[in-house]
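Engineer: What follows is the residue order along each chain.
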Amino acid sequence: MNTSFLRISIWVYLAIFFAYLLGPLVIMSVTAFNSSGFPRMSPWECLTFQWFGELFQDQRILNGIKNSLIIGAGTVALSVAMGLAGALMLTQIWPKLRATYYTIIIAPILIPGVVLGISTLVFWDRINRMLGLGADSFLSNGIFLTVIGQSTFIASYCMLVLVARLQRYDMALTEAALDLGATHAQAFRKIMLPFMRPAIASAAVLAFLASFENYNTTTFTFGEYPTLTIELAQKVRYGITPAISALAFIIVALTVFFALLNEAKLKRQELVAAARKEATVEELAGKIKLPSFFAGNMAAVLLVVFAVATITVVGTATAYNPAQCIADVREQKQLEAEQRIQELRKQREERRKQQEAQEAEQGEAQSAPKPSNNSGFGNVFAPNSLGGDGDDGASDTESEPSNNSGFGGVFDPNSLQSDQ
Amino acid sequence: MSAGVGVDLENLWIRFGDFVAVRDANVNINGGEFFSFLGPSGCGKTTILRAVSGFLDPSEGNVLIGGKNMKGIGPNKRPTALIFQNLALFPLMKIWENITFSMEIKGASAAQRRKRADELLDMIALPGQGDKLPSELSGGQRQRVAIARALCAEPDVLLLDEPLSALDLKLRQHMRTELREIQQRVGITFIYITHDQGEALTMSDSIAVMRAGVIDQIADGKTIYNDPNTAFAASFVGENNVFRGKVKKVMDNEVLISTNRSGDLVARVSTANQGKMSEGDAAMMFIRPEAFTIAPTGAAGDHFVTARVNHEEFEGNAFNIFTEGEGGKEIKVSIPNHGQSFEDHTGQNITLEYETRNAVAVPAGELAAE
Numbered sequence: 001m002n003t004s005f006l007r008i009s010i011w012v013y014l015a016i017f018f019a020y021l022l023g024p025l026v027i028m029s030v031t032a033f034n035s036s037g038f039p040r041m042s043p044w045e046c047l048t049f050q051w052f053g054e055l056f057q058d059q060r061i062l063n064g065i066k067n068s069l070i071i072g073a074g075t076v077a078l079s080v081a082m083g084l085a086g087a088l089m090l091t092q093i094w095p096k097l098r099a100t101y102y103t104i105i106i107a108p109i110l111i112p113g114v115v116l117g118i119s120t121l122v123f124w125d126r127i128n129r130m131l132g133l134g135a136d137s138f139l140s141n142g143i144f145l146t147v148i149g150q151s152t153f154i155a156s157y158c159m160l161v162l163v164a165r166l167q168r169y170d171m172a173l174t175e176a177a178l179d180l181g182a183t184h185a186q187a188f189r190k191i192m193l194p195f196m197r198p199a200i201a202s203a204a205v206l207a208f209l210a211s212f213e214n215y216n217t218t219t220f221t222f223g224e225y226p227t228l229t230i231e232l233a234q235k236v237r238y239g240i241t242p243a244i245s246a247l248a249f250i251i252v253a254l255t256v257f258f259a260l261l262n263e264a265k266l267k268r269q270e271l272v273a274a275a276r277k278e279a280t281v282e283e284l285a286g287k288i289k290l291p292s293f294f295a296g297n298m299a300a301v302l303l304v305v306f307a308v309a310t311i312t313v314v315g316t317a318t319a320y321n322p323a324q325c326i327a328d329v330r331e332q333k334q335l336e337a338e339q340r341i342q343e344l345r346k347q348r349e350e351r352r353k354q355q356e357a358q359e360a361e362q363g364e365a366q367s368a369p370k371p372s373n374n375s376g377f378g379n380v381f382a383p384n385s386l387g388g389d390g391d392d393g394a395s396d397t398e399s400e401p402s403n404n405s406g407f408g409g410v411f412d413p414n415s416l417q418s419d420q
Numbered sequence: 421m422s423a424g425v426g427v428d429l430e431n432l433w434i435r436f437g438d439f440v441a442v443r444d445a446n447v448n449i450n451g452g453e454f455f456s457f458l459g460p461s462g463c464g465k466t467t468i469l470r471a472v473s474g475f476l477d478p479s480e481g482n483v484l485i486g487g488k489n490m491k492g493i494g495p496n497k498r499p500t501a502l503i504f505q506n507l508a509l510f511p512l513m514k515i516w517e518n519i520t521f522s523m524e525i526k527g528a529s530a531a532q533r534r535k536r537a538d539e540l541l542d543m544i545a546l547p548g549q550g551d552k553l554p555s556e557l558s559g560g561q562r563q564r565v566a567i568a569r570a571l572c573a574e575p576d577v578l579l580l581d582e583p584l585s586a587l588d589l590k591l592r593q594h595m596r597t598e599l600r601e602i603q604q605r606v607g608i609t610f611i612y613i614t615h616d617q618g619e620a621l622t623m624s625d626s627i628a629v630m631r632a633g634v635i636d637q638i639a640d641g642k643t644i645y646n647d648p649n650t651a652f653a654a655s656f657v658g659e660n661n662v663f664r665g666k667v668k669k670v671m672d673n674e675v676l677i678s679t680n681r682s683g684d685l686v687a688r689v690s691t692a693n694q695g696k697m698s699e700g701d702a703a704m705m706f707i708r709p710e711a712f713t714i715a716p717t718g719a720a721g722d723h724f725v726t727a728r729v730n731h732e733e734f735e736g737n738a739f740n741i742f743t744e745g746e747g748g749k750e751i752k753v754s755i756p757n758h759g760q761s762f763e764d765h766t767g768q769n770i771t772l773e774y775e776t777r778n779a780v781a782v783p784a785g786e787l788a789a790e
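Protein chains in written order, with the working numbering: chain B, 1 to 420; chain X, 421 to 790.
What the hints contain is simulated information worked out from the structure, not anything from laboratory work.
This structure is a prediction, so every number in the text was calculated from the model and none was measured.
Any given hint could turn out to be false.
[Claimed, not checked] Pairwise CB distance ranges, derived in the manner of DEER restraints:
1) L97(B) with P511(X): 26 to 32 angstroms
2) A274(B) with N450(X): 29 to 35 angstroms
3) V304(B) with D551(X): 29 to 35 angstroms
[Claimed, not checked] Under the rule of at most 35 angstroms between Cα atoms (straight-line distance), these lysine-lysine pairs were calculated in the DSBU-like manner:
4) K642(X) with K488(X)
5) K190(B) with K752(X)
6) K642(X) with K265(B)
7) K96(B) with K497(X)
[Said to hold, decoys possible] Among chain B residues calculated to face chain X with C-beta under 7 angstroms, some are:
8) S42
9) A172
10) L173
11) A176
12) L178
13) D179
14) L180
15) G181
16) A182
17) L193
18) P194
Yeah, the Cβ is synthetic: ideal placement off N, Cα and C, and Gly gets one too.
Next up, chain X with everything else stripped away, as it sits in the complex:
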């Protein structure tokens, strides 16, 4: 990490009347980090961003940028630049005027602005487009102009509010790489808001998973994916099969869970919950579709699940098997395609096997909506 300016949220509460949008958020974002807030729409992540940029005053708690309390400092005095969800490019200004708006405010001459705009246009790979109007650019180009405009203000912290959501899939994937590259080049702190876990996982150094105003987990992408703190984090990030049940037996960092419909299964307790789960507690365990393998028929034990295959899909890189376990329990299995021959199991009963370390147990909790 280069030494950028960090952002800290201390006991941050934001209320709108009786509605609590953000509940006691404590976040420590390092300087130069690419930090994402990940959560479904309405979880309060945009509210946090607006509190950081200064458009919204926290009800309680503090926002610190570079260790300095931002209370009472307006958005135009903060060292942040926000990239809006709809980009908010000034429609009547040419691209170069848009990009250098922050310089115009400070009274820079047109020549200076022109020069800086050209530099930034080169950086975002849009050389010579400065005289166009925003409406004459494509979605991806506008996106990059918005980034250039924010960077022109030379912020210490760049805030991005779902900037890729309006783009089509191909462009979105391309822009992910590009954003990450730009961040690494300029070395400033990026705070990124998204509901797309793919974006968060691919770009971020750290991710905060949010649910209904509460931050469930802050960690790097791998940890969030493999070692979720809560049922919500486990179900929201990536695909997961959930098994509900009760803790039957605690064995060091593993638990045996008596599931409602799939018998007794063993799972690893997620790191944050180790030592906190005891016998009789309601629990949930999660096994990712790709963690299953097909075992020989008849195998049984605490890491085997039997299920009947409903239908199968070929997705190119993987075969998806949709099964129905005992009692109508739906399980999705994903077998990577290595070019092997693949037998059609539709209608058959199969036995699925998993490794204990790939099954994560957490206390029962709210799941993400499908």
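Next comes chain B alone, as it looks inside the complex:
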């Protein structure tokens, strides 16, 4: 009784936890496929892929992605190199200084990105002036500044990742290489670097992601090269469209894909290692007996499922034509709008009759309220103007989905109020 209650609580907790974590992502992903002009999940209108098409026609977004990729690559190269140097230094430095050194090199993580952004801008601007270069010099280039600015703290992240691996490195291996005749450079390249490779890969991925998503440092340094996050932020300022949801969906899908791919690869290595351990010398000398790719590899199975789903979706996208559905929805909306207009007309008619009746009762002295009432609500209550708005909204749905007022006065709060 007690235990079952506990178990149920745990499940409920887990459900809430994951809903909290993944809910927004799921909803955002779904909105990318809804034909509604504003990103929303309900009411569901039509399944559409038009937002993806729109996304890839948006030059600013594409340019932002390009800049983000360039800056990401630069940041990865710089941060990993600096992180590795920092990590090596940490293992070599005089033990008494180690704690101090560690604090100093970790500090950029704790400094707000905004401060780093401003300081990068100011510092390089000074250098630029000291060298007597103009505003268009390399040192004031947005890509250069952003890479430098982001690397100031991303290098610290990289160092943390690399130090963890480096602590497991046996310095005797370097000594052994030296002893066998290698130079320091050879020992580094042939022994330490291969050992560090997995950590370097992790650090590179981490650095790239950190660079890609960075906003607060980049916002000061991007100059003429806005990154994707900067572009998105600027776009959202002027209203959000499902095209951004489509972009988010692509990013989520890529993340899931690479996570699964990595997991499947790791699992496979594990299985191969286990097989090698059991294998005899003869088997090793000949062909290694590989386990089939899927045996005991859940991630690989999921990966294949994922790939099939992707192919299906893309296939559907090319074959599917939502035009009929969208037309239906438009028709329906038009009908709804007309119906509502009829209702409004009726209401207005009744009200006018009531007013006329009142006027008839109260005499001619109080005829003034009528025009003032009309002007107070503007043209909203004018039957003709409402009808016109409704028509415009229906025809605009296709050509200008980003237009919030596309549905005309029908969904306007003011017009709704008039219902009451």
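Following the hints, position chain X against chain B.
Structural biologist: What follows is chain X alone, placed relative to chain B:
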């Protein structure tokens, strides 16, 4: 001895700050010799090895390899190869790549390396294992791979830093024989570091006994065992019963020592100390457990000790008798097992006899920690 390359340490001092790790070491290692540094951990023997291999610069003095001063020559330029305590096999390389790493550095082709690796793998009795990773081998196999890797560099001097310490007893004993065989086959100089006197005694041509940075004695195993220079050497190498006292009388190469608790006993003065001990000096004498025999009760003299038996042990090849002499003096006696009937002496008083040549007197000094 084949004509290998010798190693000389001249007035070698190594300091770390105020700490003196090696104090004025003078060692002359002949070419082709199997030379061991024997001492407890922290005595500076690994430091000497690192100075020879070039990872450490001496504070004073010189390291000469083949008569050539090694000052300023890095580890990668010295004709030495070091076998590390933890072996330091490259974990990500296959066995054959590990073995031929020194060739890869020199730019040898993969085919050449493969061929050489196969030869060496045959030599260390691991044929066909070249494609495995170090983690897939057992401890003893890894050990042999480390040796092959060092030999592949064709060093003039092979340095071994307690390479057997991580192995279990059986394997350790097996590897002793194997190391000795390999050394004799390749004929190069081996410098071996160990704290295990058994290893040092069984394998070495010469042994240097070290204590706290100082070399106490350099000699072959037999001499060190039978004729130690110092109290430390006597107590560190093999088991020994120590008797403390003062020199009562000097007679040629023998002394009569008035021991603190076991009366006056006679002993031979160790070779290095002959003529250096005089009456009244504090002295120590050492008698090995196996040097005692049980004498008829009541026998007395300057080579008899009486003691009460505390308990006895049967070790298979010998009977160990733990006795308590006068004044609580502990004496261990080991009687070889020839299949004779053996009487249980527990609780009895027995008289122990020894031959004078088996008792060694040295000036009083520091003993090895138990």
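Engineer: Next, verify each hint and record whether it holds.
Structural biologist: Evaluated hints:
Checked against the given bound of 26 to 32 angstroms, the beta carbons of L97(B) and P511(X), roughly 30 angstroms apart, stay inside it. A hinted range of 29 to 35 angstroms for the beta carbons of A274(B) and N450(X) is inconsistent with their spacing of about 50 angstroms. Restraint check, V304(B) to D551(X): a C-beta distance of roughly 31 angstroms satisfies the suggested window 29 to 35 angstroms. A hinted pair counts as satisfied when its Cα atoms are at most 35 angstroms apart, and K642(X) with K488(X) qualifies at roughly 31 angstroms.
Between the alpha carbons of K190(B) and K752(X) the distance comes to roughly 55 angstroms, so the proposed pair goes past 35 angstroms and is violated. With a CA separation close to 60 angstroms, the supplied pair K642(X) and K265(B) exceeds the 35 angstroms bound. Proximity of K96(B) to K497(X) is assessed by CA-CA distance (about 32 angstroms); at most 35 angstroms being required, the pair is judged to hold. Hint status for S42(B): violated, given a least beta-carbon distance of 54 angstroms to chain X, over 7 angstroms.
Against a cut-off of 7 angstroms between C-beta atoms, the interface hint on A172(B) holds, since the closest Cβ of chain X lies about 4 angstroms away. Given the 7 angstroms rule on beta carbons, the hint for L173(B) holds: about 5 angstroms separates it from the nearest Cβ of chain X. Hint on A176(B) holds. Least Cβ distance to chain X is approximately 4 angstroms, under the 7 angstroms limit. Below 7 angstroms, beta-carbon pairs count as interface contacts, and L178(B) has one with chain X at about 5 angstroms; its hint therefore holds.
Annotation: D179(B) was flagged as interfacial toward chain X, and the flag holds, the nearest CB pair being 5 angstroms apart, inside 7 angstroms. Interface restraint check for L180(B): the shortest CB-CB distance to chain X comes to about 4 angstroms, inside 7 angstroms, so the restraint holds. Residue-level restraint check for G181(B) holds (minimum Cβ-Cβ distance to chain X is 5 angstroms; threshold 7 angstroms). Using the Cβ-Cβ criterion of 7 angstroms, the hint placing A182(B) at the interface with chain X is satisfied: the shortest such distance is roughly 5 angstroms.
Here the hint on L193(B) is broken, as its CB sits about 10 angstroms from the closest CB of chain X, past 7 angstroms. Annotation: P194(B) was flagged as interfacial toward chain X, and the flag holds, the nearest CB pair being 5 angstroms apart, inside 7 angstroms.
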